[in-house]
Amino acid sequence: MKTSRSRRAFLRTLGTGLAALPFLRLIENSYAQEAGAALPQRFIGVYHPHGIAAELFTMRDGESETAFDLSYADSPLQPFDDAATYGKSFKDKLVVIEGIDLLSDTNGHNSAGTILTGSRIVGGAGGLPVNSSLDQFLAVEQALGDATLVTSVALAVGNKELSARETLSFGVGGVPISKIIDPVLAFDFLFKQAIVGTDPAAQARAEHQRKLGKSLIDFVNGDVKRLRARVGPFETQKLDQHLDALRALEKKLQSLSSGNGCAAPARPSAFPSLERYNGGEPYFDAITDLHIDLLALAMGCDITRFATLAMNDLSYAANPLGLPEDNHGGMAHTYSASPLGSSGHPVGSGDPDSWKLLAKFNRYCYGKVARLLSRLDQAGILDSTLVYASSDMGNPAAHSTRNVPTVLAGGASGKIRMGRRIKYRTDCPLGTWCDPSGLDYESVPNNRLLISIAQAFGVDIDHYGDQSEPALGAGPLEGL
Amino acid sequence: MLTYPVPSLPLRLRDRHRLALFVACCGLFVLASCSPEPSGAHGSGGAQASGGFAAAQGGAASATGGSAATESLLLARVRRLASAEYDASVQALLSTTQSPAAGPDFPPDLRQDGFTVNDAQRVDAVIVERLAEAADALAIEAQQNGTLARLAPCAATAEPASCARSFITSFGAKVYRRPLVDEEASALLALYTVGAEGASYLDGIAHVTRGLLQSAGFLYLTELGDAAQASRGAVRLTEHELAASLSYFITSAPPDDELLAKAAAGALSDPGEREAQARRLFAHDPHARDTAVRLVREWLGIDRIADAAKDSLVYPQFDGLKPKIVAESIDFVRAVAFESTGNVSELFGATWTVNSGPLSLYETAGSGPIKGSSRLSGRVGILNQAAFLATYANAHESHPIFRGVALARRVSCFGLDSPASFNLQVVPPAPDPSRTTRERFAVHPADSICAGCHDIIDPLGFSFEHFDGMGAYRAEENGKNVDSTVVVHQDADFDGAYADSNQLAAAFAASDQVRECFARFMFRAAAATGDSAATPGEQGFVDAWRTIPKAAQGSIVETLIAYVRRPSFGMREAL
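Protein chains in written order, with this note's numbering: chain R, 2 to 481; chain F, 6 to 580.
For reference, chain R alone in the conformation it holds in the complex (with noise of 0.2 Å):
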């Protein structure tokens, strides 16, 4: 991929039309300010690809659960502490876990569907979860986003495939959701409906439509509902997805009536390129900083409350962050990990060269990360947010799913203690690799961190995900 003029000119267009963005006009208006005290709680699941430099993201010597750095050199966490670029240090903000494991039953690379199903993945071609993730569990089934007009959004970058592979959100049975990875499409799955003139022609025409939306979404319901009495029991499941997505877009013409009182950006303007593999990698940098935008406005106005975002990374020659262009061949397949970073798996003989560039790709992401806090911080919706953020794989020349990075972010309103750093057992004795059926094996898996976020959500749940040994999905995470 070349780095064109035309690119380069787009990207300065780009840049001037977010800053136009009506920020603060918006949070004067929002939804949460008028409400006072009582903030809904919103949840964002974040991936990000590549792993993590465990060597560099782990607890320093001398540090404590809530005494520690994250300022120091090569620091993958650096973003949540850096006033001068995030506006302010987001480290009371945050919660750090190191020793979670995915239990996929797969290769990292299949893994980012289990990030928030705690499912293993299953079925041939890559295979697919077999339950639903978080987000959709309490915004569809627990039905906590039905409050708002869009009950749950999926975003991604570069890469919209259905599949276990960078994708976070399942509805029922582990089925991926589509995700929008065009911040036009975003923009107008977020604000579309929300938008409705002032001036009463626009307003006549605004009724008009939704008058004319609502028969249709009728009719197709009544036609679902038609089929759904003529199937068997497994196939119901099929069409009442269906049936929740009219209602969610039945939702949305409602809107049109009332409004919000939100006040709407501009729609961002189309990118020449939108997909990876397809010339899409030089714009994934502006398309996260976009997604970012338009969600945390989105939230702002509480026009949702659940959401995830898929990251992908930079592989394109010449990026910015001096990567090599096959990102993940040049930086996760040369990770030289010391016993530490390794899992029980040592590749290479723990050169820390690899760690930093690794390190560099961490600090990128959590930047994103970051931003999103800082952006939720300007819509004062921080405290009632929380954000989890984690990758596919742990060490990366392994494509381990142990160990993988965690962060919790926000102040999911007071539920979840921030501003510490939680470090569990290593799942062997340190430096050894040890079977999942051995006893001295203890995996601390993610199953538990999604019942915590679920009891916090003040769902009372004691089991979430599917694993074979069932134990392995029970309990809240201890110590959280």
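Simulated from the structure, these hints should not be mistaken for laboratory data. Keep in mind that a hint or two might mislead.
To be verified - Below, in silico cross-link-like pairs of lysine-lysine (DSS-like), each with a Cα-Cα straight-line distance of 30 Å or less: (1) R:K212 - F:K179; (2) R:K226 - F:K179; (3) R:K424 - R:K361; (4) R:K215 - F:K179.
Go by the hints and put chain F onto chain R.
Showing chain F alone in chain R's frame:
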């Protein structure tokens, strides 16, 4: 070679359904419990475990015109049209050239076992909006270009609501691929009323069209039988369901007038009639050819070339050649299937390719056997073309294990389980500029546990080592001669010693086992369940396919027709 401690005894098993191996191997794709048994051999067992069903009950079997003695049936189901099917359907209905689902805004198909047509497709909150937008755009276009006026004529003296009723009955039946029931017709008439209110007759018709294009009756193919049948056990598909199943399987498009007429006459229960209709479609309908090409590409996974990228420092030519590599992966399959022998043997064994391919990567030797083709020296068949070689590779290197696993699973039907399901940790070999790719990957035979599986995979994959990660020929790598010699010893009919993947491909071309594997995958594509190990009826299909003349067994068209002829084509099991 890396080794890890091996615990003495299994103290607890995480999963009683599988045997955990207490060993970790190094090397990417470490596979345990591999056997050269065709993976399809699990088919009948799996079907029984999930409630395999004997179809020969009552008059059911005879009604389908065949002897379905103890055939396992697919479950009664609905399945949402895949993207290509949706586009072909709206084009057939409205004579439009729009392809909404192929556009960048639509989410891609959810794949099962590599196939885009399957019963897992859903309508979620994003797709429902795309469908609504597409329906709106299609209805507006059809209103503006006169299509709706043609489909819903209404004389000046006629009562508009009565014209709307006629349109709903006639066009609705085409959209639903069956006559509408009263309740559906009244719901659509209500839509007409809303749309025409304060507007024109055609505005009302356009509104009905919007509704129809988002309806469950349009979006879901049903395989349910009719309500008069028992709600449990074997059910016969209705004639209209047969017409739609046949049409979408062969052409990815809705049934044409002749198929609908055959359905109305009750003719499609007869396997001979289904065969005749399939042959007619292959002869006259370009969609049938497109569909066969799609099935072959998805079987081999080479359609994934569209999503392949290479490190431009390692493979600077790739971006420029990619369109030709993609074109070859389509045009070559089409040429073999419909302009040459039509046989899977030629697919693997051809010593020519189409001129739309990346000829600058190849060594050509004059013009080929069909128009627009070239003879090749040093490239045999589709597996030695760039699409296969570049798809099954990393961005910066060839990947013998990806290639070997693809051959083992999808060309040879060897049963291979995923390494992770046996608690084996996968570790890709580190880069090493002093060794060849083969040397880096060839650690498995040194470990007895790894060797069990990599005995199958490695020879298949290493045979391709003269082709780099984008499919270009290389004699040397890192200053060393490339070694592509392999010995295959799996009690397969293509066992033997081979100098390279070209020789191996020639052996595949002659192999009965490879032909049968192809037939299994065509069955799985047709069954569209995505569960290759437990698809009811696979073994029955293969047994029936074996009875067709040997020369026709490798025929792509004849294999698809063999499926259409099966008594079980028209039967489902209702739970």
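Original post:
Failing hints, ascending?
Top reply: Those not satisfied: there are none.
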